[in-house]
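Trainee: If you're matching them up, the sequences are chains H and W in order. If you read the first sequence in this note's numbering, its first letter stands for residue 25, the second for the next number, and so on. If you read the second sequence in this note's numbering, its first letter stands for residue 17, the second for the next number, and so on.
To be clear, the hints were calculated from the coordinates, so they are not data collected in a lab. One thing to keep in mind: the hints can contain errors.
Cross-link-like lysine to any residue pairs, in silico, SDA-like; alpha carbons within 20 Å at most [claimed, not checked]:
id : chain 1 : residue 1 : chain 2 : residue 2
1  : H       : K145      : H       : R128
2  : W       : K274      : H       : P95
3  : W       : K267      : H       : D132
4  : W       : K267      : H       : Y167
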Amino acid sequence: MVALATAFKPAATGASLDVKGVSHAFDIDGSVLPVLDDVSISVASGEFVALLGPSGCGKSTLLRLVAGLEPPRAGTLDEDGVAITGPYPSRVVVFQDPTLFPWRTVWDNVALGLEAQGVLKTQRHRVDAAIDLVGLGAFRKAYPHQLSGGMAQRVALARALVNDPRILVLDEPLGKLDSLTRITMQAELVSLWQRNGFTALLVTHDVEEALFLANRVIVFSDRPARVTADITVDRPYPRHRGDPHLAELRRQILRLLGLDATW
Amino acid sequence: MPTYSASEISSLGGDRETALIAGDGGLQFVNKLRFSITGIGAGLAWLAFGLSCLRWPDIGDWPRTEAVAYTAFAIAGGIAIATTAQAALGKFGDGVQRRAPWLFALGVFLTLWELATAKFGWLPLPFFPPPQSIVEVYTDDLPKLLDSAFASVKLQLGGYFIGAVVGFLTGVSIGWSRLAGYWVHPILRFIGPLPATAWLPIAFFTFPSAWSASTFLIALATGFPVTVLTWSGVASVSTAYYDVARTLGAKPSFLVTKVAIPAALPHVFVGLFMGLGASFAVLVVAEMIGVKAGLGFYLQWAQGWASYNNMYAALIVMSLLCSGAITLLFKVRDRLLVWQKGVVKW
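Looking at chain H on its own, in the form it has when it is part of the complex (with noise of 0.2 Å):
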């Protein structure tokens, strides 16, 4: 693995992010529906953040204002200081389901960022050494639907880091896993960040996945969503499930949440 992080040399580190009274809202059959309330979160360079908030609030299409997929209705998005205007590969999301392209086989899925940015012919050493990464180079020539749910979300992890992302958009990529993938995975999140040094933003409504992850956790309002609080997790990495530091923050979280009742 050493090895393999030394050919895997990010380019650039993470950018620093910048969301400034953003809000957005969908029209659904004439009737506007506001989905962000005057949002403004500022991530610097190389954090991994956590975005929390119930089922349904708001937090993806954040997530997709950032990714640049969609330009919000108020407000403006930074990226290291420019304004975000459209999709671009240094912001790379990994969406709650994979979403391989069935008709190409591992190899050619984590080659899909650079094949159409028209430098595949050049870096296809980077296509191997992602793969290496997330410890599928048996599979290479495998089409998705001969890959487990765990296999299929690391293609699209390897698929989104081939790209040296300065800001990696997140959004529940561990959502769908069984619980033990999930485990597992989590600490291969936190250890392809630490080598990668790549600014994290990930939306998910397990409260113990990020604090476990994440240096700071931002917890989201219900529909319209506003920041509700804004909460530094000071531990060092790796952190353990059981430490009492992240069991009294959890507490707290799932008061802000209305939960704190079967706590």
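Using the hints provided, position chain W relative to the given structure of chain H.
Mentor: Below, chain W alone, put in the same frame as chain H:
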């Protein structure tokens, strides 16, 4: 051929290793012989067909009766040998053995057919010609039949190719571009459902030649299903694929060629398949009515002479060609869509 009982053969089979050590090639070969009931049955059915040709006199004048009989004997022997020596013949032996029940059914069918037509006339002549009279067409009228088949293939290929390409491009355009959809969709709805054969009288007047008119009609019959299915394939591509590609830096041209089209390909092949069926119908009608060549024309011509054996012979050739075309299409599909699981094998 030595005659072993089944139990003797299986006990010999157990000694195969000894035989290998002894290095006795002859004994090894004998060890591999196995009588199969289906294989022998199929051989007997073909033997019966041959014998039925020779046993009774023909009630008509068919010069190929004896030749057919001897061919049937040869096939009977071939089946019996191939299935018995299956193990030694490898893939070929396996293939014959697998098809033995069908070969048996075919032999029985041919025997009954022979008896019902050439020997006892249970079925009225000339509407039900005997096997030997159809064989006679292949031996005596082969050049004309081949010419017709070649003409049909040429016409079909040209029209189908044009229709498939135009239909594919139209389908991708209207699936991708709102503007193209706005203009093309009404035309498609108005003209598409019209059976291509309805254009026949107009097409034969307006086009400079019957051949170009037929090409146009075949292209039309092919183009409609290909267009509609390509369109629906492109339109049904999950937006998540586009989102993924866009965040990875894909430009619109990449989204069309590397996302929309590959994702739509399974639909496209359904369209190509349907177009193939529709175009066969147009081909035959066009040849019967306007084009003075091809298997459709041959059928029409044979009907004029009330020579039903020629018609059956042409039908068999036509069936082989159409089935072959579909097989070819499915082969191409299987190659291009290896990533799909559980596709129907033709």
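Trainee: Would you check the hint for K274 of chain W and P95 of chain H, treating anything up to 20 Å between C-alpha atoms as holding?
Mentor: Not OK: K274 of chain W and P95 of chain H at ~25 Å, beyond 20 Å, violated.
Trainee: Are the Cα atoms of K267 of chain W and Y167 of chain H separated by 20 Å or less?
Mentor: violated, 25 Å
Trainee: Could you grab the alpha-carbon distance between K267 of chain W and D132 of chain H and see if it respects the 20 Å cut-off?
Mentor: Judged against 20 Å, a Cα distance of about 18 Å means the pair holds.
Trainee: Take the C-alpha atoms of K145 of chain H and R128 of chain H, compute the straight-line distance between them, and say whether it is at most 20 Å.
Mentor: holds, 17 Å
When each numbered hint is compared with the structure, violations occur for hints 2 and 4.
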